[in-house]
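Student: Spelled out, the chains give:
There are 2 protein chains.
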Amino acid sequence: MKDCVRLRQGCGGKPTEKLIKEIFYKRFKNDILLQGFDSAFLGKEGQELAFTTDSFIIRPQFFPGGDIGKLAVYGTANDLSVCGAKPLYLSCAVIIEEGFPIESLESIVESMAAAAGELKLSIVTGDTKVVERGFADGIYINTSGIGRVMDNYRPKKIKAGDAVIATGGIGEHGAAIAALRYGIKSKSPLQSDCGAIFPIISELRDYFESIKLMKDPTRGGAATVLNEIAEYADLGIKVFEDKVPVKQEVKALCDMLGMDPMYLACEGRAILVAEESKALELLNRLKKLKGSSNAEIIGSFEDRYNKLVYMENSFGSSRIISALEGDLLPRIC
Amino acid sequence: MKDCVRLRQGCGGKPTEKLIKEIFYKRFKNDILLQGFDSAFLGKEGQELAFTTDSFIIRPQFFPGGDIGKLAVYGTANDLSVCGAKPLYLSCAVIIEEGFPIESLESIVESMAAAAGELKLSIVTGDTKVVERGFADGIYINTSGIGRVMDNYRPKKIKAGDAVIATGGIGEHGAAIAALRYGIKSKSPLQSDCGAIFPIISELRDYFESIKLMKDPTRGGAATVLNEIAEYADLGIKVFEDKVPVKQEVKALCDMLGMDPMYLACEGRAILVAEESKALELLNRLKKLKGSSNAEIIGSFEDRYNKLVYMENSFGSSRIISALEGDLLPRIC
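Protein chains in written order, with this note's numbering: chain A, 340 to 672; chain B, 340 to 672.
Don't read these hints as lab results, they were simulated from the structure.
Honestly, I wouldn't trust all of these hints.
Intra- or inter-copy, both count: the list cannot distinguish identical chains.
Claimed, not checked - Below, computed lysine to aspartate or glutamate pairings styled on EDC-like, alpha-carbon distance capped at 16 Å:
#1 K365 to E442
#2 K425 to E542
#3 K357 to E445
#4 K360 to E449
#5 K341 to E445
#6 K341 to E436
#7 K365 to E445
#8 K425 to E387
#9 K496 to E614
#10 K365 to E449
#11 K524 to E588
#12 K360 to E445
#13 K368 to E449
#14 K495 to E614
#15 K627 to D545
#16 K341 to E442
#17 K368 to E457
#18 K368 to E445
#19 K459 to D370
#20 K341 to E437
All of these numbers come straight from a predicted model, not from anything done at the bench.
Input sequences plus hints: build the corresponding full structure.
Tutor: Structure (structure tokens):
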């Protein structure tokens, strides 16, 4: 049988990384692409731009806390923000399945406009394609974005002792979609954390010297992003399980479905790597900001772990947290 | 019955324009978007950038003269080129249907790399999503692009008497796809004109002062683009039917299928509007360049026609060429 693309290769974890590296990186290779950050840093001096792209294929398109339109604007803006860039311009390219209700389309586009307005960014170019019934799933949206890198921010070399900070509760987007997908009802429905990280990151500019890396844990969750960071750092990470902020409702849902919140997508959080000596100060700053009052130092880099991510609980037991290997829940964003 | 998106709204002609204006422009409104050119001009001084996006959903993905990968790179590069911009950076976001052969994916990505290499542009950022079988058609590709506008080029006000120039034979991409789709075989198969316009446009920089507008006639064909130009100019256009360059094979196919080459997509041509006094000189320059030796002055702007596009043949009879109203051939690019 011929080798084919499999659904698990879309999970956002290891199989996706392998597909991207073997198929795309190998052929498109250039220094900017191979940086492998959430946005491409363009140019080396003067007015520094960041450029990124993301397609949104989420099912269902409307969920507690947002919809595919809001997700498409914030998702791409967040990829710029974690590269220290202020999102300025977005494109909007839609592939619509014939028969998609105009009312839903209007509602999605209104969400996009509202999200763009909140971030004061402009959607300046677009493309609209329609495919026959049965060749899409309602609507797919691609947004690409251009941002201006603030204060020449750049990811830096990470050292043992540096701290890992989560800006807020993890797994809320994934949990909200899972609950919806599996038809699980609760008194107060789980809300996605779908939102903009930029307002938080722009308040951290004083700390840019001490922030060594920022990533947003979407597909593949915090676990996958931590593995990417360990790989980048060429160091292990010890995660303090009791410090990882997870909402009670998310925990309950995970227990019910046998899922691990570490693998559930966030759509409004960032994982920051901070210089050891500044981590506490940075955390206190985050705790005072709107949208990151639940921030925590969730781990630190260790020499000895050889690029592995370990999670340790208060009883002292530890387990390896690997990158996502298969598909917990496809079509999450 | 609720109002739904219809396939004809993806034709690239009037129904698409209406959908875009009513749904997207109305909500995203900002000066840059409302310019409505093939790329967005960003910023007003200094290093001027252009930004554009396009999704490619073509069926079949491989055709004489190219494939979806080549199309995705040149298509977006062309949208930048007709705004006078040198294409610099591209993104590549794919939505792949589960089960798509890896071999085909590799071949498509190789085409993209080759096309990017030819234009010396870098594909610097990307996204890879996989959807379940039955929720796409093999592969959809979005490319967004950033270019640097050369010599502060800008579209200008068009006057009666200004000339319309086609850089080469029209309808060849559409004809190649139609022949393939309808299973029409010929001794020498129709080749798509899928290619880069930039090498031609970069040779016209001396004439940028006299070039009032450039557009590439893709979905909806030359007819639709001429109508867009008439609308922009607020003038009518007289098209000289005998001057419109159409290959014999394209004509023959159109006769057979009852199609009009004016409505068939091009993927490597541009329509230029040139100041009357410079049009002949510009044409002669084009005829000497590789890739535009078949260029022709195909029409001129007229005060009296009130934004209509008329086509006149050598017998003096004329007919109105309106923008595409429905779907001749969906999924053309």
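Student: Each of the hints needs a verdict: does it hold here or not?
Tutor: Hint check results:
no., hint, in the structure
1, K365 to E442, "between (43 Å within a copy, 14 Å between copies)"
2, K425 to E542, "within (12 Å within a copy, 36 Å between copies)"
3, K357 to E445, "between (37 Å within a copy, 14 Å between copies)"
4, K360 to E449, "between (36 Å within a copy, 14 Å between copies)"
5, K341 to E445, "between (42 Å within a copy, 13 Å between copies)"
6, K341 to E436, "between (29 Å within a copy, 15 Å between copies)"
7, K365 to E445, "between (40 Å within a copy, 10 Å between copies)"
8, K425 to E387, "within (11 Å within a copy, 18 Å between copies)"
9, K496 to E614, "within (10 Å within a copy, 56 Å between copies)"
10, K365 to E449, "between (39 Å within a copy, 10 Å between copies)"
11, K524 to E588, "within (11 Å within a copy, 62 Å between copies)"
12, K360 to E445, "between (37 Å within a copy, 12 Å between copies)"
13, K368 to E449, "between (38 Å within a copy, 11 Å between copies)"
14, K495 to E614, "within (10 Å within a copy, 53 Å between copies)"
15, K627 to D545, "within (15 Å within a copy, 57 Å between copies)"
16, K341 to E442, "between (42 Å within a copy, 8 Å between copies)"
17, K368 to E457, "between (36 Å within a copy, 14 Å between copies)"
18, K368 to E445, "between (39 Å within a copy, 14 Å between copies)"
19, K459 to D370, "between (31 Å within a copy, 14 Å between copies)"
20, K341 to E437, "between (31 Å within a copy, 13 Å between copies)"
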